[in-house]
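Q: Letter by letter, the chains look like this.
There are 2 protein chains.
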Amino acid sequence: MPNYVFNVDVTLRKAVLDPQGKAVHHAARTLGYASIAEIRIGKHIEITCSAENETDARKTVEELAGRLLANPVTEDFRVELRRDHVDAHRSAAPSREV
Amino acid sequence: MPNYVFNVDVTLRKAVLDPQGKAVHHAARTLGYASIAEIRIGKHIEITCSAENETDARKTVEELAGRLLANPVTEDFRVELRRDHVDAHRSAAPSREV
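Protein chains in written order, with my numbering: chain B, 17 to 114; chain V, 17 to 114.
Looking at chain B on its own, in the form it has when it is part of the complex (with noise of 0.2 Å):
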């Protein structure tokens, strides 16, 4: 089976405060970034799922992510497939149809 590598990345709802965001924010100002004017810091998370289509790979990614990896009360997720490494397997596959 074809592995499918997810970008999943889990964000803070707007309405949460964000300390540690807060706190790169004050160290960036105090190197002298006078032009940034929000920071605001989430998890990035890559999964490689094992699966026989992206369909079925999404959906075990997609669930996972709402039962492990993010809080359904604080936090927002979004999967998205990263491209380049389902054209890498595609091309070594030996099954390939040239």
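Just so you know, not all the hints are guaranteed correct.
Calculated pairs, DSSO-like style, for lysine-lysine (alpha carbon to alpha carbon, straight line, at most 27 Å) [what the hints assert, rightly or not]:
1) LYS30/B to LYS30/V
2) LYS75/V to LYS75/B
3) LYS75/B to LYS30/V
4) LYS75/V to LYS59/V
Okay, the calculated beta carbon distance ranges per label pair [unchecked claim]:
5) LEU47/B to GLU54/V: 29 to 37 Å
6) ALA50/B to GLY48/V: 45 to 53 Å
7) ASP72/B to VAL89/V: 33 to 41 Å
8) VAL89/V to LEU97/B: 26 to 34 Å
9) ALA50/B to GLU96/V: 38 to 46 Å
10) ALA43/V to ALA50/B: 27 to 35 Å
11) GLU96/B to LYS30/V: 13 to 21 Å
12) GLU91/V to ASP72/B: 30 to 38 Å
13) ARG83/B to GLU68/V: 43 to 51 Å
14) ARG45/V to ALA50/B: 29 to 37 Å
15) ASP72/B to ASP72/V: 24 to 32 Å
16) ARG45/V to ASP100/B: 40 to 48 Å
17) SER66/B to LEU84/V: 35 to 43 Å
Quick caveat, the hints were computed from the structure, so don't treat them as lab data. Bear in mind the structure is a predicted one, so any value in this text is a computation, not a measurement. Glycine included, C-beta positions come from ideal geometry on N, C-alpha and C.
Based on the hints, put chain V in the right spot on chain B.
A: Quick look at chain V alone, frame taken from chain B:
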């Protein structure tokens, strides 16, 4: 000056061990997700930068990411403009031509 919003994804280099990712991977398998082959965890940072144009904004954000957000020995980073936010700005601009 318009605001530009960038996503900065900071990831551990391939050769660097990721114990946090390993722990989440183990938890996923314990929950029954046997098809997950690998999980790697990094940071997802949203930076709002005020600048004359996209090029200046990107230069500032890339410099900041290299100096403050990513560890140059163990981490890589990728900077991406969020198109949705630029469009939102443009459609609200009073000088827009229809």
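Q: Would you pick out the hints that fail for this structure and give their numbers low to high?
A: 1, 2, 9, 10, 14, 15 and 16
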